[in-house]
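Novice: Residue numbers (the working numbering), protein chains in the order written: chain A, 1 to 178; chain B, 179 to 472.
Honestly, the hints are just simulated from the structure, not real lab data. Even for Gly, the Cβ is constructed at its ideal location relative to N, Cα and C. Please note that a few of the clues may not be correct.
Below, computed lysine-lysine pairings styled on BS3-like, alpha-carbon distance capped at 30 Å [to be verified]:
1) K470/B / K169/A
2) K301/B / K470/B
3) K470/B / K53/A
4) K155/A / K53/A
5) K169/A / K53/A
6) K155/A / K169/A
Residues from chain B that face chain A, not an exhaustive set, calculated with beta carbons under 10 Å [what the hints assert, rightly or not]:
7) T190
8) P202
9) A224
10) W227
11) I232
12) A240
13) A248
14) S437
15) E462
16) H465
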Amino acid sequence: MNRTPVYGLMAEFTNPEALLAGARRAYAEGFRRMDAFTPFPVEGLAEAIGFHKTGIPLIVLIGGIIGCVGGFYLQYWISVIDYPINVGGRPLNSWPSFIPVTFELTVLIAALFALFGLLALNRLPMPYHPVFNLERFELASRNRFFLCIEATDPKFDDEATRRFLESVKSQGVYQVEH
Amino acid sequence: MWDVFAVSTYFTVSLIFWYVGLIPDLATLRDRARKRFPRFAYGILAMGWRGSAIHWHRYEMAYLLLAGLATPLVVSVHTVVSFDFAVALVPGWHSTIFPPYFVAGAIYSGFAMVLTLAIPLRKVYSLEDFITLRHLRNMGEVMLATGLIVAYGYVMETFMAWYSGNLYEQYMMMNRMFGPYAYMYWVLILFNLLVPQALWIRGVRTNVPALFAIAICVNIGMWLERYVIVVVSLSRDFMPSAWGMYSGTIWDYAVLAGSIGLFLALMFLFIRILPMISIFEMRELVHEATVKSE
Numbered sequence: 001m002n003r004t005p006v007y008g009l010m011a012e013f014t015n016p017e018a019l020l021a022g023a024r025r026a027y028a029e030g031f032r033r034m035d036a037f038t039p040f041p042v043e044g045l046a047e048a049i050g051f052h053k054t055g056i057p058l059i060v061l062i063g064g065i066i067g068c069v070g071g072f073y074l075q076y077w078i079s080v081i082d083y084p085i086n087v088g089g090r091p092l093n094s095w096p097s098f099i100p101v102t103f104e105l106t107v108l109i110a111a112l113f114a115l116f117g118l119l120a121l122n123r124l125p126m127p128y129h130p131v132f133n134l135e136r137f138e139l140a141s142r143n144r145f146f147l148c149i150e151a152t153d154p155k156f157d158d159e160a161t162r163r164f165l166e167s168v169k170s171q172g173v174y175q176v177e178h
Numbered sequence: 179m180w181d182v183f184a185v186s187t188y189f190t191v192s193l194i195f196w197y198v199g200l201i202p203d204l205a206t207l208r209d210r211a212r213k214r215f216p217r218f219a220y221g222i223l224a225m226g227w228r229g230s231a232i233h234w235h236r237y238e239m240a241y242l243l244l245a246g247l248a249t250p251l252v253v254s255v256h257t258v259v260s261f262d263f264a265v266a267l268v269p270g271w272h273s274t275i276f277p278p279y280f281v282a283g284a285i286y287s288g289f290a291m292v293l294t295l296a297i298p299l300r301k302v303y304s305l306e307d308f309i310t311l312r313h314l315r316n317m318g319e320v321m322l323a324t325g326l327i328v329a330y331g332y333v334m335e336t337f338m339a340w341y342s343g344n345l346y347e348q349y350m351m352m353n354r355m356f357g358p359y360a361y362m363y364w365v366l367i368l369f370n371l372l373v374p375q376a377l378w379i380r381g382v383r384t385n386v387p388a389l390f391a392i393a394i395c396v397n398i399g400m401w402l403e404r405y406v407i408v409v410v411s412l413s414r415d416f417m418p419s420a421w422g423m424y425s426g427t428i429w430d431y432a433v434l435a436g437s438i439g440l441f442l443a444l445m446f447l448f449i450r451i452l453p454m455i456s457i458f459e460m461r462e463l464v465h466e467a468t469v470k471s472e
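Work out the full structure: start from the sequences and follow the hints.
Specialist: In structure tokens:
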């Protein structure tokens with residue numbers, strides 16, 4: 001990866017509406033490699049910067065299916081294949097008694113997939129990220145809203161992008177070092 | 179075997195749900211921490227959360243799905259626990275009404291416990307603006323509704339004991355009501371069935387001390403319910419040779435007290451080092467409210 005000394009330019013906003021408007025403008029302007037940072041989820045913000053599908057539901061569904069099939073097979077394998085016991089002539093594959101555990105494992109594996117899927121897609125845990133180099137960024141978890149256009153964006157130009165970010169009613173534009 | 183899966187899944191999924199809900203708040207705590215060690219500890223736990231819009235987007239979806247997955251678990255775990263009783267042949271346990279009746283009982287005592295804990299915390303930490311009277315009133319209404327389901331369970335147990343014509347069931351019920359443990363049964367009826375009927379009155383639902391008193395009664399009542407189910411049925415089994423009386427020894431009650439003590443200790447630690455109320459959700463709510471009022 002071509003590492004420039006600058007990670008990107010960060011614009012600060014005081015409220016989510018201004019950030020949302022700024023993000024929409026930036027997207028319309030043609031910027032693609034950007035991200036916004038907020039202390040709480042802002043509706044429509046991810047869409048405004050061109051991110052639509054989360055991918056989470058599919059991951060959870062796959063987890064659920066693995067849990068369901070695996071949970072049933074676990075019991076089937078134990079009572080039919082590995083250690084069959086004849087209990088009063090009842091069928092070895094007494095499936096109704098397998099349902100509670102199948103259900104529990106479906107939920108368990110789906111929930112684990114939700115957690116680890118979320119972390120993996122978000123690339124967390126991440127001990128270092130350039131945005132934290134900005135002193136003011138600690139406010140992103142409190143009461144400030146940030147929009148960062150990355151230097152790797154093809155349209156990025158130190159001067160022009162700075163002027164653009166200043167024009168979208170931001171409170172200040174800061175350079176983010178690597 | 180069902181229990182192992184039900185209880186451990188319940189625990190694990192609750193833990194995941196709780197932790198995922200905490201991640202953004204841990205990031206806030208990390209950014210606010212001024213000392214080195216808290217900053218490091220919260221930083222590790224927050225895993226580098228930076229509030230990215232894309233992360234939030236995935237986060238909200240995952241959180242929603244986790245909530246959806248956790249809800250049926252509440253039903254399943256209490257159903258499975260009740261199966262432990264229902265699949266046994268012991269009189270007073272062998273009953274198909276147990277699953278719904280245990281689920282309702284769990285929600286009933288759960289809300290009572292939340293009220294028991296929330297009312298003092300709200301007072302001590304002046305959280306009246308966050309845990310409002312309306313919340314408490316709604317919890318009172320849920321308690322009333324689930325309490326009635328539990329009451330229906332008690333009535334049906336009694337009715338079925340008579341209607342089944344089964345000698346052992348009838349004897350168990352008579353013994354429960356008028357036998358050596360009768361006082362426990364009647365205190366249970368008083369605390370779980372009669373006292374909460376006061377919640378029909380609006381003035382009681384908005385009276386915080388009254389709600390607290392009712393919640394305490396329900397907590398004790400639900401404890402007595404388990405005591406009655408377990409002890410009374412076992413004390414008069416099918417065979418008189420197996421009959422006996424049980425009363426808790428000092429060590430039994432010491433374990434009970436110890437479990438309450440452990441819970442309280444962990445809860446106070448939680449209040450001390452982690453947010454009691456979700457910070458980011460509260461910020462979202464406050465923001466929405468200000469936008470609306472403008």
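Novice: Go through the numbered hints given earlier and state which of them the structure violates, listing their numbers in rising order.
Specialist: 14
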